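Trainee: Residue numbers (the UniProt record's numbering), protein chains in the order written: chain A, 1 to 292; chain B, 1 to 292.
I should point out that these hints are in silico values taken from the structure, not numbers from a laboratory. Since the structure is predicted, the reported quantities are computational estimates derived from the model, not experimental observations. Careful: at least some of the hints might be erroneous.
Simulated restraints, written as ranges between beta carbons of each label pair [unchecked claim]: (1) B/S183 with A/A243: 36 to 42 Å; (2) B/N186 with A/S247: 36 to 42 Å; (3) A/R201 with B/C187: 21 to 27 Å; (4) A/A243 with B/L90: 57 to 63 Å; (5) B/D42 with A/F290: 46 to 52 Å; (6) B/Y184 with A/F290: 33 to 39 Å.
Where is the CB? At the ideal position from N, CA and C, for every residue including glycine.
What follows is the residue order along each chain.
Number of protein chains: 2
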Amino acid sequence: MADQKYIIGVDGGGTKCRARLYCTVQGFLGTGLAGPANPARDFDSAMQSVIDACQAAIQNANLPQLKLDQVHVGMGLAGVNLASVKQKVLAWQHPFKSRFVTTDLHIACIGANDNHEGAVIIVGTGSCGLVVKDNEFSQLGGHGFPVGDYGGGAWLGFEAIRYALRAMDNLAPSSSMITRILSYLNCSNANDVAEIMLNARPADFARLAPLVFDAAEDGDEAARSIIQTGAEQISELARQLLAKHPSRLSMIGGVSERIKSWLADDVAKHIQTAVYQPDYGAVFFTLNQFKN
Amino acid sequence: MADQKYIIGVDGGGTKCRARLYCTVQGFLGTGLAGPANPARDFDSAMQSVIDACQAAIQNANLPQLKLDQVHVGMGLAGVNLASVKQKVLAWQHPFKSRFVTTDLHIACIGANDNHEGAVIIVGTGSCGLVVKDNEFSQLGGHGFPVGDYGGGAWLGFEAIRYALRAMDNLAPSSSMITRILSYLNCSNANDVAEIMLNARPADFARLAPLVFDAAEDGDEAARSIIQTGAEQISELARQLLAKHPSRLSMIGGVSERIKSWLADDVAKHIQTAVYQPDYGAVFFTLNQFKN
């Protein structure tokens with residue numbers, strides 16, 4: 001049993017952090033969940049979320065004797081595509097036996113394609129794409145909300161709020177989306193909406209995305225236009241990934257199911273179901289470090 | 001001289017705060033400038049900016065014996081259109097003889113229309129409009145960046161960054177605007193742009209607006225489209241104000257000169273030059289409080 005290793009794969013995103021505990025002898029043992037883990041937004045609480053999720057996974061596996069300093073942790077984190085953020089994570093005094101760091105997009109790609117090369121699109125709170133082919137990485141999008149992440153849940157909710165504020169000032173045609181937004185936010189006018197959304201975070205905007213789909217599916221023009229604009233951008237992202245001829249392409253994330261029917265036909269037919277979720281991908285990523 | 005009053009009019013916006021000292025006997029005496037004064041964004045530093053600007057105006061007037069508790073101050077502040085923010089400003093323990101509070105938009109309207117009723121559009125870092133007619137106020141826009149303030153300088157810079165990030169990922173046609181942005185930000189790729197703009201404030205985005213105009217005036221399609229979209233919204237805002245039949249309509253703010261030629265003809269012909277700037281309007285506003 002000298003070779004037995006405990007590994008935790010961590011999938012850290014802007015709204016939550018999921019950890020999955022794996023043992024090289026016993027297999028998958030447990031999972032844990034914690035708060036947001038985007039070190040570009042809030043470094044200290046992101047690192048605390050990673051620790052919390054790992055401890056929750058150990059607890060879930062009912063292994064109280066297993067300590068963090070006996071575990072190899074591979075983290076796929078939002079925000080570490082930014083060089084300065086990755087440096088900061090690498091410099092962090094971690095409590096683990098060893099730690100490996102990559103992007104949330106990379107572990108998603110590994111998981112979605114069953115630990116083989118391929119491509120993935122994430123459409124969750126944000127949006128981004130990655131293709132890995134012949135050991136080369138091409139990442140698209142994912143530049144962070146609100147300047148990037150076109151077509152993601154936060155972007156959809158943000159555009160809906162922007163439209164609603166204009167329409168409530170009679171600067172754009174009215175829309176049934178507005179009634180839905182006012183009801184959801186429990187307020188009655190543009191000033192109240194602006195005040196509630198003043199310090200809104202990406203996840204707060206993303207929570208409005210289902211309302212935008214509901215309105216669009218009921219035929220509301222403003223909502224349809226927002227979703228079409230976002231979907232066109234996701235289709236274009238898929239086309240750029242497919243141009244690299246990946247072995248397969250998956251789409252994952254909280255918005256992927258609902259946006260799929262809005263994508264262009266030439267793109268939609270190439271999108272396959274993800275084989276594994278990103279937290280499994282993080283475990284595979286960590287295991288791969290010991291193979292080389 | 002028993003009736004002699006010292007009055008300071010304060011124009012507090014998201015990028016700076018300007019104060020103008022007036023004496024009911026001697027007339028205008030001096031001006032002072034200080035940092036941002038948007039109490040919706042940072043209450044404490046906004047109130048400090050108001051005090052700093054007032055002290056700078058007294059110093060500029062060379063009146064060292066004049067203390068803040070001898071001065072009546074009328075403040076037109078960004079953000080106080082939000083009820084909770086106005087409450088907070090009114091509850092503030094101010095150091096003045098008396099203080100009066102209204103929006104930056106209201107003092108702009110008073111100044112632009114020479115202390116008469118009328119309408120004003122501000123297109124600076126943000127965008128908004130106000131018409132005052134028969135003592136009734138109708139405010140449009142100004143819901144705060146990034147959800148509101150369509151067509152303002154921050155909005156223009158923000159849309160330019162969003163476009164540039166997509167174009168650099170080949171998700172939108174290239175544009176000469178990108179070269180200008182990269183050169184201005186002194187960086188070379190999308191990740192760097194995203195990283196620099198991660199915590200950008202409205203004023204940071206607004207500083208890019210001149211580049212967008214430069215590119216548009218050189219015929220760049222992406223820049224033209226952004227400015228046209230913003231200008232259409234400002235035109236629509238003007239139409240809504242004109243529908244209330246104000247005695248006159250002025251447009252002021254740092255972006256107003258350059259966006260004017262992009263406005264619809266039916267609107268542009270109604271826009272007159274502002275008579276006074278907002279800091280004068282703040283003095284008139286304060287004087288008006290003593291007339292009633």
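Trainee: Next step is simple, just say for each hint if it's right about the structure.
Mentor: Tested hints:
| no. | hint | result |
| --- | --- | --- |
| 1 | B/S183 with A/A243: 36 to 42 Å | violated (29 Å) |
| 2 | B/N186 with A/S247: 36 to 42 Å | holds (39 Å) |
| 3 | A/R201 with B/C187: 21 to 27 Å | holds (26 Å) |
| 4 | A/A243 with B/L90: 57 to 63 Å | holds (59 Å) |
| 5 | B/D42 with A/F290: 46 to 52 Å | holds (49 Å) |
| 6 | B/Y184 with A/F290: 33 to 39 Å | violated (46 Å) |
When each numbered hint is compared with the structure, violations occur for hints 1 and 6.
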